[in-house]
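Peer 1: Relying on the hints, combine the two individually framed chains into one complex.
Those sequence lines, one after another, are chains B and E.
Counted from 1, the first sequence has number 58 at position 59 by numbering that gives the first Met the number 0; the numbering is strictly sequential.
Counted from 1, the second sequence has number 51 at position 52 by numbering that gives the first Met the number 0; the numbering is strictly sequential.
Because the hints were derived from the structure by calculation, they are not lab data.
Note that this is a predicted model, so its numbers are computed, not measured.
Glycine included, each C-beta is placed from N, C-alpha and C at the ideal position.
Just to be clear, a hint being listed does not mean it is correct.
[As the list claims (entries may be wrong)] Distance ranges between label pairs, derived from CB positions:
no. : chain 1 : residue 1 : chain 2 : residue 2 : range
1   : B       : Asp215    : E       : Gly98     : 13 to 21 Å
2   : B       : Glu160    : E       : Asn4      : 41 to 49 Å
3   : E       : Asp18     : B       : Ser274    : 50 to 58 Å
4   : E       : Glu75     : B       : Gly246    : 16 to 24 Å
5   : E       : Ser10     : B       : Asp215    : 37 to 45 Å
6   : B       : Arg63     : E       : Gly98     : 51 to 59 Å
7   : E       : Glu30     : B       : Glu35     : 45 to 53 Å
8   : B       : Gly246    : E       : Gly93     : 21 to 29 Å
[Claimed, not checked] Over 12 Å on every C-beta distance to chain E, these chain B residues come out as not near it, computed from the model:
no. : residue
9   : Lys21
10  : Ile56
11  : Gln184
12  : Phe192
13  : Gln213
14  : Gln288
So you can see what is in the structure, the chains are spelled out below.
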Amino acid sequence: MAHRVVIVGGGAAGIQTALELKSRGIEPIIVERDIELGGKARGWHKLFPLFTPAKDIIDPLIARLREERIRCFYGQEVTEIASDGVVLRSGERIPGDAVVVATGFTLFDAHRKQEYGYGLYDNVITSVDLERMMNSGRVVLTDGSEPRRIAFLHCVGSRDEKVDQKHCSKVCCITGVKQAIEIKQMFPDADVFNFYMDIRMYGPGYEELYRSAQQDYNIHFIRGRISEAAETINKRIQIKAEDTLTGRPLRMTVDMLVLLVGMSANYENKNLAQSAGIPLAPNGYFRTQDSFLGSVTCEREGIFFAGAATAPKSLADTLAEASLTASAVCNYIKVKYTK
Amino acid sequence: MRSLNFGYAISHPRAIDMDNNDLRKSRAIIEEMPELQACISCGSCTASCTAGNITNFNFRKLHTSVRRGEYKGAYEELNKCMLCGKCRLVCPRGINTRGLIMLIKRKLGDF
Numbered sequence: 000m001a002h003r004v005v006i007v008g009g010g011a012a013g014i015q016t017a018l019e020l021k022s023r024g025i026e027p028i029i030v031e032r033d034i035e036l037g038g039k040a041r042g043w044h045k046l047f048p049l050f051t052p053a054k055d056i057i058d059p060l061i062a063r064l065r066e067e068r069i070r071c072f073y074g075q076e077v078t079e080i081a082s083d084g085v086v087l088r089s090g091e092r093i094p095g096d097a098v099v100v101a102t103g104f105t106l107f108d109a110h111r112k113q114e115y116g117y118g119l120y121d122n123v124i125t126s127v128d129l130e131r132m133m134n135s136g137r138v139v140l141t142d143g144s145e146p147r148r149i150a151f152l153h154c155v156g157s158r159d160e161k162v163d164q165k166h167c168s169k170v171c172c173i174t175g176v177k178q179a180i181e182i183k184q185m186f187p188d189a190d191v192f193n194f195y196m197d198i199r200m201y202g203p204g205y206e207e208l209y210r211s212a213q214q215d216y217n218i219h220f221i222r223g224r225i226s227e228a229a230e231t232i233n234k235r236i237q238i239k240a241e242d243t244l245t246g247r248p249l250r251m252t253v254d255m256l257v258l259l260v261g262m263s264a265n266y267e268n269k270n271l272a273q274s275a276g277i278p279l280a281p282n283g284y285f286r287t288q289d290s291f292l293g294s295v296t297c298e299r300e301g302i303f304f305a306g307a308a309t310a311p312k313s314l315a316d317t318l319a320e321a322s323l324t325a326s327a328v329c330n331y332i333k334v335k336y337t338k
Numbered sequence: 000m001r002s003l004n005f006g007y008a009i010s011h012p013r014a015i016d017m018d019n020n021d022l023r024k025s026r027a028i029i030e031e032m033p034e035l036q037a038c039i040s041c042g043s044c045t046a047s048c049t050a051g052n053i054t055n056f057n058f059r060k061l062h063t064s065v066r067r068g069e070y071k072g073a074y075e076e077l078n079k080c081m082l083c084g085k086c087r088l089v090c091p092r093g094i095n096t097r098g099l100i101m102l103i104k105r106k107l108g109d110f
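Next comes chain E alone, as it looks inside the complex (with noise of 0.2 Å):
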């Protein structure tokens, strides 16, 4: 017999947990790339891109999440971002954006 759906279902909280957040990952690219850190959500990569001209990817959201240890598909998003550099260009921090999505993609692969 086909199980009725009645709508119910668990909600998992939305709030950003530190406490049980696993940040090794996070960690390891911002050692890896520790300028990361020094990013002052500007926004101007995310103004800049192509790919969120089109879709909704934004870079500077996608970052600040994996940095805070919310891996869950970080990947994907990044399948998006056609490494056309732009944002590289207008990053006021001097961030390498671009190889910070490589390596983000890098660290994240086996998630």
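Pulled out of the complex, with its shape left as it was, chain B reads as follows (with noise of 0.2 Å):
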């Protein structure tokens, strides 16, 4: 009989891993919090660097794991988990060889920020709102006029004490400058202002976008927080900062404000954790053993991670992870078992 391995979470981490854990003969079981597959993936427009359509990779991964016939539980929250299964939140126990937290992680909730005016003022909108209208094909002002000139402002819920988010989310960066293109793609002779701290373009091809957004898009950056929003009489939104490079108060009005909100922790990591008897990063993500050999094992034996579970990750490195996962997965069973 084929050994059994339980996947808490069902989005791209999840399936990849697997989908890798099938085709090595192990029967995986995917338990999805949700009532469908896909995570936080699905929905999005299109993912950085090359605008590729977020569903040709989400549909495809959620198509395969249906031939493939991998038992998915839907709806259901898991509790606690151990080297041994997990249990739900009915009592219900899933017991398995081993385990793989691919739990993902919680967008970082803008209204938390009350200074830029996230769900006070109409035309705030963060960059989840932004893709999902993108996806719909309408990008407009409450009032349904298109914008002429809008405000990306970087770091939301990311290197900021105040809402004790102390880490960098990493995949903002590239993302604001994603949107931003797409904005002037979609209205040219708009304005486009992206108010940065760092630009922190670290993986392959962004840089050369961050450059392409400058020269050929015409989008400016400045550097400086958007310290205070306000909405003015006819809806529009007033922005303060400072321009860090020449060392001046800025202000100006825009008719759209886009937060690039950042990555949290889950909440129930700290239960999940309590209950295998593992420690979590101080940033509330789940702690691997080491950043080299054990990036997607822990202390305790047989619970492996995948994904955002334990830092923020883009797509692409959730999916290369999940590989790795089911590598290690493979190699603890074969290990345990066969003697």
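Peer 2: Written out as structure tokens, the structure is:
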């Protein structure tokens, strides 16, 4: 009989791990909290840096999962994990020879940065809202008109002690550049401003995209964090920042303010980690054994990680890591059960 | 009678006002030299600047201000440049900085 591995989470990380395990002759079971698979990537419009439609990645993954007849539980939340299985909220126990934690991340709630007025002002939206708008093919202000001046604010809910998010979310810089370009493609006459602290272009093709945004699309990059936003009488957004490169305060009015929200650790990580007796990193993500040879394992044998459960990661990084996780699980099972 | 100066004056706001600044000249400069937008503000132009070594001339700051539509005093400030071209040798983004100085002076000459 095939060995069975329980995978917690049916996003990109969970699906890819399941497919890789299946191809190695192991029987994976996915437990998904949501009622469908695909995680955060579902509903996303295009992916950096090549503007790949997100559904071109996610849909085939889900289709392969169905072809392989991999068992999935939907709408089931895992409350306890151990190296020999998981316990659902219903109390049911799903046993396995190993467990993969692919629980991903939580989007930073932009309401918490009240000074930017998300939820208060009509035309302050998040990068996720913009992605949904682009997916629907219609990016407009609340009065139905087209935006002519748009500001993006980087690092909302990242590198910010005030909201207990000290880490860098890694993907927002490149997302901001990608979305700014998409806005310029949609509205070539619009003025687009990106307010940034640092521009962290860590991946292949990212820096090139940044340069293209500057030079080919004439997107303005202003170094400085917006300190506050206020709504004008005609529903425009007035913003204040320091232009730190000239050392002077700067103010301007825009039609739309897009907040590039970061990635936070799941609130539930704490209980899951406690149930398994494993530590969390100070930022609330699961702590891996180390960053080199133990990047998908933890101190407890039989529990593995894949994707953004351990740190903010791009979809590409997540998919690559899932293959590594499957291979680590495979080795573990081989050593443990073939004696 | 000589009027007494009590030291009271109207202080103008220091903020860069992007709503009211006239960006036409700034746009014309960028249009003629789009690679200027690729500046990452590393400051190597200023660090290598001969004029900046002996005066407070700061080319990085100056062209950033000009791009924001802050032209006042820029032309006079640029007269400090001796056009030695060292900044162009060090620019990691390949911006023709010396050409840019001439371009800004040309565009702002009548300002």
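Peer 1: Looking back at the numbered hints, which does the structure fail to meet, lowest number first?
Peer 2: 12 and 13
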